[in-house]
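Novice: Whenever a hint applies, use it, and build me the whole structure from the sequences.
Protein chains in written order, with this note's numbering: chain A, 25 to 341; chain B, 25 to 341.
It is possible that part of the hints are untrue.
As a list, the in silico DSS-like pairs of lysine-lysine whose alpha-carbon atoms are at most 30 Å apart [what the hints assert, rightly or not]:
| id | chain 1 | residue 1 | chain 2 | residue 2 |
| --- | --- | --- | --- | --- |
| 1 | A | K28 | B | K28 |
| 2 | A | K295 | A | K311 |
| 3 | A | K43 | A | K63 |
| 4 | B | K123 | B | K91 |
| 5 | B | K28 | B | K311 |
| 6 | A | K63 | A | K311 |
| 7 | B | K123 | B | K43 |
| 8 | A | K63 | A | K296 |
| 9 | B | K28 | B | K43 |
| 10 | A | K84 | B | K28 |
| 11 | A | K84 | B | K123 |
| 12 | A | K63 | B | K28 |
| 13 | B | K123 | A | K91 |
| 14 | B | K311 | A | K123 |
| 15 | A | K28 | B | K311 |
| 16 | A | K63 | A | K84 |
| 17 | B | K123 | A | K123 |
| 18 | A | K123 | B | K91 |
| 19 | A | K43 | A | K28 |
| 20 | B | K123 | A | K28 |
| 21 | A | K43 | A | K123 |
| 22 | B | K296 | A | K84 |
| 23 | B | K296 | B | K311 |
| 24 | B | K43 | A | K28 |
| 25 | A | K28 | A | K123 |
| 26 | B | K296 | B | K63 |
| 27 | A | K43 | B | K28 |
| 28 | A | K311 | A | K296 |
| 29 | A | K123 | B | K296 |
| 30 | B | K43 | B | K63 |
| 31 | B | K91 | B | K28 |
| 32 | B | K123 | A | K43 |
| 33 | B | K43 | A | K84 |
Partial list, computed: chain A residues near chain B (C-beta under 7 Å) [stated by the list, open to error]:
| id | residue |
| --- | --- |
| 34 | M32 |
| 35 | I107 |
| 36 | P136 |
The set of hints was computed from the structure by calculation and includes no laboratory data.
The structure presented is a predicted model; accordingly, all values stated were derived computationally and were not measured.
Glycine included, each C-beta is placed from N, C-alpha and C at the ideal position.
Number of protein chains: 2
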Amino acid sequence: MPHKLIRMQRDGHQTRPSKRPVMIAIAGDSAAGKTTLSKGLASPLGPERVSRICVDDYHKYDREERKHLPFTALHPDCNYIEIMEQHLQLLATGQPILKPVYDHDTGRLVRPELVEPREFVIVEGLLPLHSRLTRACFDITVYLDPPEEIRRAWKIQRDTQRRGYSVEQVLAELERREPESAAFIRPQRSFADLVVRFAPVEGRDDPPGTPLSAEVTLRPTIRHPDLRRILSENGQRAIHLRLARDEDGLPVDVLHVHGYVPPEESRVVQKKLWSRLGLNGGADPVKSLGDMGNGERSEALAITQLILLHHMVTALD
Amino acid sequence: MPHKLIRMQRDGHQTRPSKRPVMIAIAGDSAAGKTTLSKGLASPLGPERVSRICVDDYHKYDREERKHLPFTALHPDCNYIEIMEQHLQLLATGQPILKPVYDHDTGRLVRPELVEPREFVIVEGLLPLHSRLTRACFDITVYLDPPEEIRRAWKIQRDTQRRGYSVEQVLAELERREPESAAFIRPQRSFADLVVRFAPVEGRDDPPGTPLSAEVTLRPTIRHPDLRRILSENGQRAIHLRLARDEDGLPVDVLHVHGYVPPEESRVVQKKLWSRLGLNGGADPVKSLGDMGNGERSEALAITQLILLHHMVTALD
Numbered sequence: 025m026p027h028k029l030i031r032m033q034r035d036g037h038q039t040r041p042s043k044r045p046v047m048i049a050i051a052g053d054s055a056a057g058k059t060t061l062s063k064g065l066a067s068p069l070g071p072e073r074v075s076r077i078c079v080d081d082y083h084k085y086d087r088e089e090r091k092h093l094p095f096t097a098l099h100p101d102c103n104y105i106e107i108m109e110q111h112l113q114l115l116a117t118g119q120p121i122l123k124p125v126y127d128h129d130t131g132r133l134v135r136p137e138l139v140e141p142r143e144f145v146i147v148e149g150l151l152p153l154h155s156r157l158t159r160a161c162f163d164i165t166v167y168l169d170p171p172e173e174i175r176r177a178w179k180i181q182r183d184t185q186r187r188g189y190s191v192e193q194v195l196a197e198l199e200r201r202e203p204e205s206a207a208f209i210r211p212q213r214s215f216a217d218l219v220v221r222f223a224p225v226e227g228r229d230d231p232p233g234t235p236l237s238a239e240v241t242l243r244p245t246i247r248h249p250d251l252r253r254i255l256s257e258n259g260q261r262a263i264h265l266r267l268a269r270d271e272d273g274l275p276v277d278v279l280h281v282h283g284y285v286p287p288e289e290s291r292v293v294q295k296k297l298w299s300r301l302g303l304n305g306g307a308d309p310v311k312s313l314g315d316m317g318n319g320e321r322s323e324a325l326a327i328t329q330l331i332l333l334h335h336m337v338t339a340l341d
Numbered sequence: 025m026p027h028k029l030i031r032m033q034r035d036g037h038q039t040r041p042s043k044r045p046v047m048i049a050i051a052g053d054s055a056a057g058k059t060t061l062s063k064g065l066a067s068p069l070g071p072e073r074v075s076r077i078c079v080d081d082y083h084k085y086d087r088e089e090r091k092h093l094p095f096t097a098l099h100p101d102c103n104y105i106e107i108m109e110q111h112l113q114l115l116a117t118g119q120p121i122l123k124p125v126y127d128h129d130t131g132r133l134v135r136p137e138l139v140e141p142r143e144f145v146i147v148e149g150l151l152p153l154h155s156r157l158t159r160a161c162f163d164i165t166v167y168l169d170p171p172e173e174i175r176r177a178w179k180i181q182r183d184t185q186r187r188g189y190s191v192e193q194v195l196a197e198l199e200r201r202e203p204e205s206a207a208f209i210r211p212q213r214s215f216a217d218l219v220v221r222f223a224p225v226e227g228r229d230d231p232p233g234t235p236l237s238a239e240v241t242l243r244p245t246i247r248h249p250d251l252r253r254i255l256s257e258n259g260q261r262a263i264h265l266r267l268a269r270d271e272d273g274l275p276v277d278v279l280h281v282h283g284y285v286p287p288e289e290s291r292v293v294q295k296k297l298w299s300r301l302g303l304n305g306g307a308d309p310v311k312s313l314g315d316m317g318n319g320e321r322s323e324a325l326a327i328t329q330l331i332l333l334h335h336m337v338t339a340l341d
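Specialist: In C-alpha cells, the structure reads:
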C-alpha cells in the first residue's frame, strides 16, 4: 500500500468530517414485523434525522438465479456478508455507502443507491446480527421473536396481498426456509440487547380481537431505562417488569406490555415515557407510534417503540 | 460509535487477512487508449493475478438522466467521487468492494459486482487521479496524453463502429465535453508518474502508415527502471532518453520510443526489458504485448507496456 495512503488514513483523513451516528439493528425472520417496528421509530425522531436500510439488499443472487441454488435467501452464502460488514462499519464511522438494491417486487438486483448516515441509522433485515463484526457496529440490537404461528399468519397475509403469491406457495416457502431459519436467523436472538415478542398473554382467556401484548426481554448488555417510578404508580396495569432467566439461563428483565388493558391506561404510560425523551412533539406526540401498517394501532407496539426510542436518544449523548 | 467496533478496528480486525495489492492508475480522456494499454498489462502478468476496474462505473446518473443535466459524464458532480475514493482505499488495503456497473452499451446503471483485489489492481478511467485521496491509493500513476487530433480520430472510429453513433454525433459530443476535459481530465496529467503520448515524431517526414511512436515522460516521483545499459548498446535506435523540462518547468526524463525503426530492432530492446521482469513466458514472451485491439501490433506500445510492467513487478517486492 502506498505510504501516502497509510499516512492519510492514520491521520484520520476522511472525505468529510464524519459524525458518527447511533446505529440500531432490528433483526428477525421474514414477516416478523421489522418494518412495522422501525417505521414507527423514524417518524417521532424526525425522518430527516434517520437513515433506514434493509440488509436483505445484500443478496448475491436474484430470484431467478436462486431457483437453481441449494439454499434460500436466508443462507449467509446467498448474501455478500463481507460487504454488509464493510458497509455497516462505514456507516458506523459516519461514512456514506453505495448500497446494493434488491427489488422485492421483481426479485431482481438493480442500480445501487447512495446512503449517507444521518444521526440515527436503523438497519433491519434477516442477518444484521450474523457476524461478530456486524454486531460490533451497533449501539442497540433488537431481535423480533413472535411465536411461529403468528409470524406465519403475518407472512401469508403480506405475501399474498402484496407480493402476489398464493397461500400454498407461501407455505411451501416457509417449509423450505425452516432449516435455514433455525441455523442462521434464530441464533441471532442470543446477541440482541432487546428481544421483542408480540403475542397473546399465555394463560389468559382473552376474547378474540384482543390486541396482542408484547413481551420485551431486556438483557443487561446495555443500560435500560429506569422504569421503577412508572411501574409503581397506583393502579398502573399497562406494563409489568419481571426478573427471569432467559433461554440460555442468564438473568434478564422481562417487560410485559399488556395489550388487554384499555388504551387510555396505556396512553398514560406512553406519555410518561415520551416526556423523558426530550423530543419535540405536537398535541399528542405519541399518536405517530403504534401504527400497525394496516390502519390499526397497537398500544403494545407504541410502548415497545418508546423503549427503543429511549435507547436511541440516550445513545446520542 | 460502539466501543466494540473501535476496538476491533484498532486491532486491525479485518474480515479476512488482507494482502495489499499493487495499484496502478491509467487516467486519460475518452478514447485516449486506456483499455488498449491496460489489457496488454494483464496478459503477461497472468490474468489470474490481475483485477481490472474502470472508475467510469461510478457515474451518478444514467444516459437518460444526463440529458437533462448541465454537465457531461466527465464532470466530478456527475460521479460518486466520494464512493470512488472509498472503494479505491478499500482495494488498496486488500479489501473487496461491491462495485457499481455502468453499461456502456445501454447507458444504464445495473446490478453491481463483487471485485476482490488480486496481486495487481489496474484502475482505468476518466477521473482516477482527480482527488488527493484517490491519488494516494496508487503505487504507479499513468496519464495518457495523445495529441487531440489523434484522440478525436480514435474516438470517432470507436464510437461509430462499436457504440452506434454517427460521426456528427461524436463530433458534437467532443465539442460539448471540451470545457470539462480542460477543467477536470487534463489537469490529472500533472499528477502522473508517467505520461504516455502516442504520436508521430515531430520534425520527421515519415511516410503515411509509419507506426506511431511513443513519448513517455518519466517524472522523478517514483524510481524508474535503469535503462542506461540498453540505451548504450551499439546501434540501438529503438529508444532514446532525453533530459527535459516538463510543461510545469520541472525536470523529467523523456523516453522516446521510435515507431519508425524496423520491428526486429525494437524486439531486441523488448526482450532485454522482459528478461528483467522475472516473469515466466513462452518462446516469445513479448508477443502478447503491443496489441492494438484491431489486429495490429505496435512496438512502441509494447515497450511502453514493458516499462509499466517493470514498475508493477518492482512495486510487488
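Novice: Take the hints in turn and mark each one as holding or not.
Specialist: Hint-by-hint comparison with the structure:
1. A:K28 to B:K28: holds (28 Å)
2. A:K295 to A:K311: Between K295 of chain A and K311 of chain A the Cα gap is close to 10 Å, so the pair holds against 30 Å.
3. A:K43 to A:K63: Holds: K43 of chain A and K63 of chain A sit about 23 Å apart, inside 30 Å.
4. B:K123 to B:K91: Holds, at roughly 24 Å.
5. B:K28 to B:K311: Outside the cut-off at roughly 54 Å; violated.
6. A:K63 to A:K311: holds (13 Å)
7. B:K123 to B:K43: OK: K123 of chain B and K43 of chain B at ~19 Å, within 30 Å.
8. A:K63 to A:K296: Since the Cα atoms of K63 of chain A and K296 of chain A sit roughly 21 Å apart, the hinted pair holds (cutoff 30 Å).
9. B:K28 to B:K43: holds (24 Å)
10. A:K84 to B:K28: holds (28 Å)
11. A:K84 to B:K123: holds (13 Å)
12. A:K63 to B:K28: holds (27 Å)
13. B:K123 to A:K91: holds (25 Å)
14. B:K311 to A:K123: violated (42 Å)
15. A:K28 to B:K311: violated (36 Å)
16. A:K63 to A:K84: holds (26 Å)
17. B:K123 to A:K123: This hinted pair holds, its Cα atoms lying about 10 Å apart.
18. A:K123 to B:K91: Holds: K123 of chain A and K91 of chain B sit about 25 Å apart, inside 30 Å.
19. A:K43 to A:K28: Holds: K43 of chain A and K28 of chain A sit about 24 Å apart, inside 30 Å.
20. B:K123 to A:K28: holds (24 Å)
21. A:K43 to A:K123: Given pair K43 of chain A, K123 of chain A holds - Cα atoms ~19 Å apart, limit 30 Å.
22. B:K296 to A:K84: The given pair, whose Cα atoms are some 46 Å apart, is violated under the 30 Å limit.
23. B:K296 to B:K311: Within the cut-off at roughly 14 Å; holds.
24. B:K43 to A:K28: Roughly 18 Å separates the two Cα atoms, so the pair holds.
25. A:K28 to A:K123: At roughly 28 Å apart (the allowed maximum being 30 Å), K123 of chain A and K28 of chain A satisfy the hint.
26. B:K296 to B:K63: Given pair K296 of chain B, K63 of chain B holds - Cα atoms ~21 Å apart, limit 30 Å.
27. A:K43 to B:K28: Between K43 of chain A and K28 of chain B the Cα gap is close to 18 Å, so the pair holds against 30 Å.
28. A:K311 to A:K296: At roughly 14 Å apart (the allowed maximum being 30 Å), K296 of chain A and K311 of chain A satisfy the hint.
29. A:K123 to B:K296: violated (48 Å)
30. B:K43 to B:K63: Holds - the C-alpha atoms of K63 of chain B and K43 of chain B are around 23 Å apart, at most 30 Å.
31. B:K91 to B:K28: Outside the cut-off at roughly 47 Å; violated.
32. B:K123 to A:K43: It holds: about 25 Å lies between the C-alpha atoms, which stays within 30 Å.
33. B:K43 to A:K84: holds (24 Å)
34. M32: Given a least distance of 5 Å, the restraint on M32 of chain A holds.
35. I107: Holds, because the Cβ-Cβ distance from I107 of chain A to chain B comes to roughly 5 Å (cut-off 7 Å).
36. P136: holds (5 Å)
Checked against the numbered hints above, the structure violates hints 5, 14, 15, 22, 29 and 31; every other hint is satisfied.
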